[in-house]
Amino acid sequence: DMKVTQMPRYLIKRMGENVLLECGQDMSHETMYWYRQDPGLGLQLIYISYDVDSNSEGDIPKGYRVSRKKREHFSLILDSAKTNQTSVYFCASSLRGGQSDYTFGSGTRLLVI
Amino acid sequence: KTQVEQSPQSLVVRQGENCVLQCNYSVTPDNHLRWFKQDTGKGLVSLTVLVHENDKTSNGRYSATLDKDAKHSTLHITATLLDDTATYICVVGDRGSALGRLHFGAGTQLIVIP
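Note that the protein sequences, when read in sequence, are chains A and B. If you're matching positions, the first sequence starts at 1 in the numbering used here and goes up one per residue. If you're matching positions, the second sequence starts at 1 in the numbering used here and goes up one per residue.
Among these hints, one or two may not hold up.
Said to hold, decoys possible - Distance condition first, Cα-Cα at most 25 Å in a straight line; then the derived DSS-like pairs of lysine-lysine:
| # | chain 1 | residue 1 | chain 2 | residue 2 |
| --- | --- | --- | --- | --- |
| 1 | A | 62 | B | 68 |
| 2 | B | 71 | B | 37 |
| 3 | A | 3 | A | 62 |
| 4 | B | 68 | B | 1 |
| 5 | B | 56 | B | 71 |
| 6 | B | 68 | B | 37 |
| 7 | B | 37 | A | 3 |
| 8 | B | 37 | B | 1 |
| 9 | A | 13 | B | 42 |
| 10 | A | 82 | A | 62 |
| 11 | A | 3 | B | 68 |
| 12 | B | 1 | B | 71 |
Unchecked claim - To be clear about the criterion: a stretch of chain A counts as covered by chain B if any three or more of its residues have a C-beta under 8 Å from a C-beta of chain B, and this derived list gives those stretches:
| # | segment |
| --- | --- |
| 13 | 41-47 |
| 14 | 85-99 |
| 15 | 102-112 |
As the list claims (entries may be wrong) - Chain A residues, not near chain B, derived (Cβ > 10 Å throughout):
| # | residue |
| --- | --- |
| 16 | 2 |
| 17 | 8 |
| 18 | 17 |
| 19 | 20 |
| 20 | 22 |
| 21 | 27 |
| 22 | 52 |
| 23 | 60 |
| 24 | 62 |
| 25 | 65 |
| 26 | 73 |
| 27 | 77 |
No wet-lab data here; the hints were simulated from the structure. C-beta: ideal position from N, C-alpha, C; glycine also.
Next up, chain B with everything else stripped away, as it sits in the complex:
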């Protein structure tokens, strides 16, 4: 059973526009949540990690929020660039130690067009 659902599955935006990616999960316990970027044919690169209830993080043009009560996270990308074209993957960790598991969403494929 899928425990991490991402929406939309795919998204096309024009360069310079903003976009919002959603992540809903049912993982329990939910120790932390990460957003990764995966360029085509490449590995995953961590963008941000959220740990606490109502956490907000910012990493350049990427910002993220976490609502643990609602088990929901959003990733905002402002002023998109062509290089933002990638798959964005939401991952929920169920523990704070190596004994925990990471639960991966299937990703949102973002395409930025000129």
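Next comes chain A alone, as it looks inside the complex:
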């Protein structure tokens, strides 16, 4: 069953704490993405990864960093979380982007207090 798995599903952190969101895919997709979804807004791209150790900033990278050491795994790290990083975070993967199919995870709901 082809899927993108995100862990954890729910997370509560205090302001200033470090946060690690993890994402795995079992389709050998080259391209992986981290988005955040806020009420009333479309998904916003945080980072894109074209393959292992080949990462690029998206539209809102400030306050985030990523790590991709294996093709099937892509992590999002928040160093010193801020309250405005409370959001739902989605990971997605695609064979090569563009018109290729995209598979999304179920999201991680992060609350920073």
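Starting from the known structure of chain A, arrange chain B on it as the hints suggest.
Quick look at chain B alone, frame taken from chain A:
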């Protein structure tokens, strides 16, 4: 600036009725357009992708059209079911490769009532 506008924001229909969701965009270039369905608390699931000028696609009870001249797309859902209750998101891709970006609309929330 929002480059993908969806209307209506929300819609309530009775089970069995048809409905039409609209998407207008200003993304340039507009390589392709996708419609996704997002159930509450879940990820996005692709319904269809439109690529060419005046493309029409059909996926069961879902059908979609694309007018690239007008930068406009519609998603038709026929004979709605309760399980169609979800947010439908229009997404425009600006290139055909991984170097492109996806531009997301905020979605139309569809509620189907018995």
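Consistency of the hints with the structure:
1. 62/A with 68/B: Violated, because 34 Å separates the two Cα atoms, which is more than 25 Å.
2. 71/B with 37/B: Given pair residue 71/B, residue 37/B holds - Cα atoms ~21 Å apart, limit 25 Å.
3. 3/A with 62/A: Measuring from Cα to Cα gives roughly 28 Å; hence the hint is violated.
4. 68/B with 1/B: holds (20 Å)
5. 56/B with 71/B: OK: residue 56/B and residue 71/B at ~14 Å, within 25 Å.
6. 68/B with 37/B: OK: residue 68/B and residue 37/B at ~22 Å, within 25 Å.
7. 37/B with 3/A: holds (16 Å)
8. 37/B with 1/B: Cα-Cα ~23 Å, so holds.
9. 13/A with 42/B: holds (22 Å)
10. 82/A with 62/A: holds (11 Å)
11. 3/A with 68/B: violated (32 Å)
12. 1/B with 71/B: holds (16 Å)
13. 41-47: holds (count 5)
14. 85-99: holds (count 7)
15. 102-112: holds (count 5)
16. 2: holds (12 Å)
17. 8: holds (14 Å)
18. 17: holds (24 Å)
19. 20: holds (20 Å)
20. 22: holds (15 Å)
21. 27: Since the minimum Cβ distance to chain B is about 14 Å, residue 27/A lies beyond 10 Å and the statement holds.
22. 52: Holds, because the least Cβ-Cβ distance between residue 52/A and chain B comes to about 14 Å, which exceeds 10 Å.
23. 60: holds (12 Å)
24. 62: holds (17 Å)
25. 65: The claim stands: residue 65/A keeps its Cβ more than 10 Å from every Cβ of chain B (closest is about 20 Å).
26. 73: holds (17 Å)
27. 77: Residue 77/A clear of chain B: closest Cβ-Cβ about 21 Å, beyond 10 Å.
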